[in-house]
Amino acid sequence: DAGVIQSPRHEVTEMGQEVTLRCKPISGHDYLFWYRQTMMRGLELLIYFNNNVPIDDSGMPEDRFSAKMPNASFSTLKIQPSEPRDSAVYFCASSSRGRDTQYFGPGTRLTVL
Amino acid sequence: AQSVTQPDIHITVSEGASLELRCNYSYGATPYLFWYVQSPGQGLQLLLKYFSGDTLVQGIKGFEAEFKRSQSSFNLRKPSVHWSDAAEYFCAVALGDYKLSFGAGTTVTVRA
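Quick mapping for you: the protein sequence lines, in order, are chains A and B. If you count by my numbering, then the first sequence holds residues 1 to 113, one letter each, in order. If you count by my numbering, then the second sequence holds residues 1 to 112, one letter each, in order.
Worth flagging that the hints you see were computed from the coordinates, not collected in a lab. The structure presented is a predicted model; accordingly, all values stated were derived computationally and were not measured. Cβ coordinates follow ideal geometry from the N, Cα and C atoms, glycine included. Hints are supplied without guarantee of correctness; some may be wrong.
What the hints assert, rightly or not - To give an idea of the interface, some chain B residues facing chain A are shown, with a C-beta separation under 7 Å as derived from the structure:
# : residue
1 : P40
2 : L44
3 : Y50
4 : A104
5 : V108
What the hints assert, rightly or not - Going by beta-carbon spacing under 7 Å, a handful of chain B positions derived as facing chain A:
# : residue
6 : Y25
7 : K99
8 : V110
9 : A112
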C-alpha cells in the first residue's frame, strides 16, 4: 500500500486566497483525521471522519475552515479566506479502527503570506 | 480533560549511549498509548503502542516502552542510539472518543 497520500506537499498563497488540501487514506481504513502542527500549539486534531461522516469537528479553529469526505478514498480540508496565522503543517491520518494505530501522511506545509 | 506531558523538550545523547524519553498522562482510566517519531520534514511514524497485557512493549528500530500504571507513565527507551535516531518523538494517548492527544514532543540530538 502507498500509505496516506497528501497533496500538495507545499503550498504558498497570499492572505485572502482559498486553499484546498487533499488526502487519500489507506484503502480499507474507516477513520480519517486532519491535524495541524505549529510550533506554538504542537499537534492539534482538527476534525475526524468515520465512514465518510464527520464525527467531531470541535478542533476546527473557525468557520473559515471546512472539511469534506465525499467518498472513502478522498478528503479535503479547505481554508477560505486564508490568513497568515493559518501557516502550519497539516497532516492527514487514517486508521482501520477508532483507537488503533493512526497512519500519517507526509503533510502539507502551508505558508500564507 | 486528558493531558500528555513530555517533560523534556530537548535531549542530547552520544551515539551508542542509551536513551530514555519520558511521558506522563493524566486520566483516570488506562488509555491506549503510543509513541511516534517524526524526522525533519516527514510525517509521523509509529514506533510502538500499548493497549493491554504485557506492560513492556517492543517496537521498531530497537525501541521499547514500559507502561507503569502507578506512575501514569509510558517511557520510551533505546539501549544504544544511532545517528539516525535524531528526530522528534511524540507520546500520544487515545481515549474512548478515538481522538489522539499528543504531547509537546521531545527533540533528540545525537552527537558523534
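How the hints compare with the structure:
no.	hint	result
1	P40	violated, 11 Å
2	L44	holds, 4 Å
3	Y50	violated, 12 Å
4	A104	holds, 5 Å
5	V108	violated, 16 Å
6	Y25	violated, 14 Å
7	K99	holds, 5 Å
8	V110	violated, 22 Å
9	A112	violated, 27 Å
Consistency with the previously given hints fails for numbers 1, 3, 5, 6, 8 and 9, ordered from lowest to highest.
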